[in-house]
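Colleague: Here the protein sequences line up with chains A and B, keeping their order.
Counting in the numbering used here, the first sequence runs from 8 upward without gaps.
Counting in the numbering used here, the second sequence runs from 258 upward without gaps.
Hints are supplied without guarantee of correctness; some may be wrong.
Claimed, not checked - What follows is a set of in silico ranges between Cβ atoms, one per label pair, in the way DEER data are often shown:
| no. | chain 1 | residue 1 | chain 2 | residue 2 | range |
| --- | --- | --- | --- | --- | --- |
| 1 | A | Gly61 | B | Gln270 | 35 to 43 Å |
| 2 | B | Glu460 | A | Ile10 | 55 to 63 Å |
| 3 | A | Glu89 | B | Ser537 | 51 to 59 Å |
Unchecked claim - One-sided and incomplete, this derived list gives chain B residues near chain A with beta-carbon spacing under 7 Å:
| no. | residue |
| --- | --- |
| 4 | Gln286 |
| 5 | Asn295 |
| 6 | Gly481 |
| 7 | Leu546 |
| 8 | Leu624 |
Everything labelled a hint here was simulated from the structure, so no lab data went into it.
Just so we're clear, the structure is a prediction, and the values are computed from it rather than from any experiment.
C-beta: ideal position from N, C-alpha, C; glycine also.
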Amino acid sequence: MSITEKVLCTKSHEFLFDNDNGIYTVGLTDYAVEQLGDIVFLELPEVGTEFGKGETFATVESVKAASEIYMPISGKVVEINEAAVDAPELLNEDNWEKGWLVKIEATGENSEQDDLMEYEDYKEELE
Amino acid sequence: MTKQTFLHDKHVQLEAKMVDFAGWHMPVQYTSIIEEHNTVRENVGLFDVSHMGEVFVSGKDSLVFLNSIVPQDISKLPYEKAVYCQLPKENGCLIDDLIIYKLGILEYLVICNASRVDEDINWMSINSKGYDVKIDNQSHNYSLLAIQGPKADALMRKMGLKTQQDSFTIKPATIAGIKLLASRTGYTGEDGYEILFENKYAEFLWDKILENGKEFGIKPIGLGARDTLRLEAGLHLYGNDLDENTTPIEAGLFWSVPKDKSANYNGKNVIMEQIANGVSKKLIGLKMLDKSIARHEYDVYFKGEKVGYITSGAPSPTLKENIALAYVKNDKEICENTTVQVMIREKLHDAQVVKRPFVQKRNKVRLS
């Protein structure tokens with residue numbers, strides 16, 4: 008199964024992946040990293056920080072500009088991708104697997120996911 | 258309405274990422290800014306810079322007129338030579354920065370920034386009252402390509418360039434059978450040419466240069482890499498590092514402001530006064546001491562006090578460090594070899610004051 012069959016996407020181009028153990032992985036969609044171009048810097052929050060849905064939790068910088076990244080759902084950060092902090096180009100190389108940003112424990116209602124899109128619908132929305 | 262160059266279809270075919278820049282729909286990158294940047298430093302790159310303005314100034318008073326609007330001494334500009342200069346207002350602050358070429362005894366070509374063509378034309382018209390001079394904006398009729406990099410000269414020779422020319426000279430030339438003007442100038446810090454020709458040849462020349470350039474590793478280069486290349490070379494960008502609130506002296510452009518020019522020009526009093534007595538703010542170069550990136554308009558601090566702001570900032574693909582230009586209070590303690598801080602997302606990050614250019618320029622070509 009391809010990861011894109013399971014991810015949910017936001018209108019602001021983050022993805023949410025359910026690890027089926029109460030932990031979700033958050034990252035950027037393929038479209039987002041393609042639009043950003045060469046990603047050269049990543050600022051991630053500290054483990055333990057809590058964010059509400061839609062709050063800025065990270066900054067991704069390309070050669071051209073800095074972009075804020077928003078939480079797809081409310082959650083508490085349980086792990087950050089240190090490898091991607093050291094090598095931000097991982098986001099360009101493999102946004103879904105190696106280039107994820109943070110793992111979170113959901114702290115909100117399940118209904119927070121209602122406005123997230125399946126990848127197919129997200130792709131359609133982009134066209 | 259966003260304007261398009263005559264190469265717009267070519268950029269779209271190459272699947273460039275297109276952005277609006279100064280009212281033009283332009284390629285910001287074709288594949289990767291870093292890859293394109295390195296291509297220009299190592300081999301050769303092709304830029305469509307047809308959005309730039311081309312203004313022909315001619316007539317009996319053309320020399321006296323131009324000499325009255327720029328600090329450079331145009332009376333000392335030899336035939337077929339180019340000179341970098343600025344267009345100051347009465348208060349010494351800048352409307353634009355320009356390259357002026359002497360094409361004939363009373364004929365000059367002025368290349369200006371795309372974003373400032375209208376202001377420049379307006380300013381020149383106002384200032385031309387009483388002069389016998391023709392100001393002919395030909396921006397819409399000409400295309401401009403930049404061929405830049407250590408292999409640019411070899412590529413141009415392969416394509417038929419016969420003339421030998423120093424940097425900052427312009428000569429009529431024939432490239433791939435097309436008659437054009439070839440100028441040994443650029444905005445990258447590398448050797449290279451800028452070629453000016455009628456729009457109808459744009460697609461033909463674009464294709465020919467890419468085809469002939471294959472053996473030299475040529476790539477089309479977008480505005481993204483153009484910006485990182487010029488920043489590494491310490492070259493100013495109007496709108497960032499120069500604007501209507503800065504003078505050439507504050508910007509560190511002393512070398513382009515002769516002290517012995519006898520003719521008067523707009524802003525001369527202010528500019529001469531600043532040379533004599535100093536300026537209150539000064540453009541400096543910065544190198545970030547951590548992995549953070551300083552960007553346009555971020556604030557600069559020294560000993561807890563706000564002392565200036567970033568005008569341009571980006572990662573340097575050549576140095577693999579993050580560099581920036583900033584205006585700061587002209588205080589010896591701040592401007593010389595010290596550490597300042599840049600406020601980035603509400604945190605202060607250390608930056609070292611360094612000399613410009615950040616990357617040594619390799620564009621000086623002297624044949625004799």
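Colleague: Hints first: check each against the structure and report whether it holds.
Modeller: Right, here's what the structure says about each hint:
1. Distance hint check: the CB atoms of glycine 61 of chain A and glutamine 270 of chain B are about 39 Å apart, consistent with the given range 35 to 43 Å.
2. Separation of glutamate 460 of chain B from isoleucine 10 of chain A is about 42 Å and departs from the stated range, judged on CB atoms against 55 to 63 Å.
3. Between glutamate 89 of chain A and serine 537 of chain B the C-beta distance comes to about 45 Å, which lies outside the given range of 51 to 59 Å.
4. A distance limit of 7 Å between C-beta atoms decides the matter here; for glutamine 286 of chain B the minimum to chain A is near 6 Å, and the interface restraint holds.
5. A hinted interface residue such as asparagine 295 of chain B counts as satisfied when its beta carbon comes closer than 7 Å to some beta carbon of chain A; here the least separation is about 11 Å, so the hint is violated.
6. With a least beta-carbon distance of about 6 Å to chain A, the hint placing glycine 481 of chain B at the interface is held under the 7 Å criterion.
7. At a threshold of 7 Å, the smallest CB-CB gap from leucine 546 of chain B to chain A is about 14 Å, leaving the interface hint violated.
8. Among the interface hints, the one on leucine 624 of chain B is violated; its C-beta lies about 36 Å from the nearest C-beta in chain A, farther than the 7 Å criterion.
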